[in-house]
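K.L.:
All chains should be built: construct the whole structure from the sequences, respecting the hints.
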Amino acid sequence: MALVNCKRPYINAGKGSDEAKYQKIIAESIAGRVTPGESGPWEQDAVQYVQRPPRAYQANGVNLWDNSSWQKAQKCAKSIETYFGVTLYELNDGTKWIGAEYSTPENFDRNGVFAFCKERLQRMRGKCNKKWQTMDTEQTLYREILFQYCCSHTTNPALQDLKRYGDRLSLPLVLFKHSPLRLSVAHRVHGSGMSSGWVSDNATDVQERIDNDKANNMLIESWYVNAAKQDMAEDYYDELDNILCSAKITDTAIYNPGTVPPATPSVKPSIKELPVTDEFAGAQFNQADVDEDSKTPSAGQVSTPIGGHGDSEAPETAEGNLGGDQEPRTGVPEEFEPSLVPGADSEELNQAVSGLYGTILKSEALANQLQHDPAMRRMLSNLQQMADEGNQEGFDMCLGQIYEVYVGPAQQGDMA
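According to the UniProt record's numbering, the sequence shown is numbered sequentially starting from 1.
Think of the hints as simulated: they come from the structure by calculation, not from any bench. You may find that some hints are simply not true.
[Said to hold, decoys possible] Label-pair restraints from in silico Cβ distances:
no., residue 1, residue 2, range
1, G37, D211, 53 to 63 Å
2, A100, E239, 45 to 55 Å
3, A367, E81, 35 to 45 Å
4, N107, G37, 46 to 56 Å
5, I26, D213, 37 to 47 Å
6, I271, D235, 46 to 56 Å
7, A100, A158, 35 to 45 Å
8, D201, A375, 21 to 31 Å
9, K75, A158, 42 to 52 Å
10, A59, Y22, 49 to 59 Å
11, Q371, D201, 33 to 43 Å
All C-beta atoms in this analysis are idealised placements derived from N, C-alpha and C, irrespective of residue type, glycine included.
P.N.:
Rendered as structure tokens:
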């Protein structure tokens, strides 16, 4: 289905009447797969799961995930399997993962897992936790993904209460950006920071997570379930959960349908590169851009606020510059390139910068820090530059770090 969604813009930009193009799109959508014999840029778009594909794992080379940390993570994965009585899928390099072969990217390995978790962590910092310090790392996020997958798949009668975690459909989630089954990270309850509940980076026992369950404020679910909550009042979430949990979808053909759509010789899709927008990037509220997993509007924009238990507010894509001298906590090479978002409104971003300065100057501690902290001034300078360039993604990332490093701690101190 991800391939079908990626191909639609190329059909619309191709040759043929509007009616014929429409019929082709409908035929491929119903079949769940594209017409055989047609190749184009959409094929590469459909298999992308991170901003920039990581290099392949090399047994004796330099990898994103150091071997010691990886081994501890796998020991923890084994502990999770044993606790829930669930067997996780194992990648070719021995890395435990969720789902099955049919739901996993080809040649997916530990570097791919780490890159995916790294990107998600960046989004969390840049969007969901703008007002709170992000305590999670790639290591804890990886463990939570496995944990919640097992929560939704365990048959142990004593653990059924943990089915409040994980995806309601109990299906293997995918990583592909254009799929409705795309893995999404969401707030479980709004009003506080997003956190997994894992305390240490290198935990080897699931008991750490069980003992700190109250610290969790995170859901790992599909975009489909995430999006189903968008226009729904919180009072109906439990009913929605019951409906989705009773669906019992077991046909794996939804990942790779066998139905072949009819040929449409009068339509020829374009094979020129197009600026494709992810259809599953979320709806829009009052014309404000909403991130993939969230109803959080981009900085400087106004949208209808929607909150509540389990409501989706995971972080937006944030592969922009980190800003200032702040380094990623893991110390691994940066795998993501900064990107400009077409149509970003510099005026609105500059309004957001002005609002931030207003917040800083209202706080005696922040105002004093602004005067004496060169690193803070550099980050603010970077933020201003991104606002002037219209770099929405980089702006969101830098703004999130400013809140995490400076504004959040200062506000907590003011309330103390």
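K.L.:
Decide, hint by hint, whether the structure agrees.
P.N.:
Checked hints:
1. The hinted range of 53 to 63 Å is satisfied by G37 and D211, whose Cβ atoms lie roughly 56 Å apart.
2. Under the hint 45 to 55 Å, the C-beta atoms of A100 and E239, about 30 Å apart, miss the expected range.
3. In this structure, A367 and E81 break the distance hint of 35 to 45 Å, their C-beta atoms being roughly 52 Å apart.
4. Distance hint check for N107 and G37: the Cβ-Cβ separation is about 25 Å, which falls outside the suggested range of 46 to 56 Å.
5. Between I26 and D213 the beta carbon distance is about 46 Å. The supplied range of 37 to 47 Å therefore holds.
6. Distance hint for I271 and D235: a CB-CB separation of about 49 Å, consistent with the stated range 46 to 56 Å.
7. Range check, A100 to A158: about 26 Å between beta-carbon atoms, so the 35 to 45 Å window is missed.
8. Between D201 and A375 the C-beta distance comes to about 24 Å, which sits within the given range of 21 to 31 Å.
9. In this structure the hint that K75 and A158 lie 42 to 52 Å apart at CB is violated, the actual value being about 23 Å.
10. In this structure the supplied range 49 to 59 Å holds for A59 paired with Y22, their Cβ-Cβ distance being about 50 Å.
11. A hinted range of 33 to 43 Å holds for the C-beta pair Q371 and D201, which are about 35 Å apart.
Figure legend: structure checked against the earlier numbered hints; hints not met, in rising order: 2, 3, 4, 7, 9.
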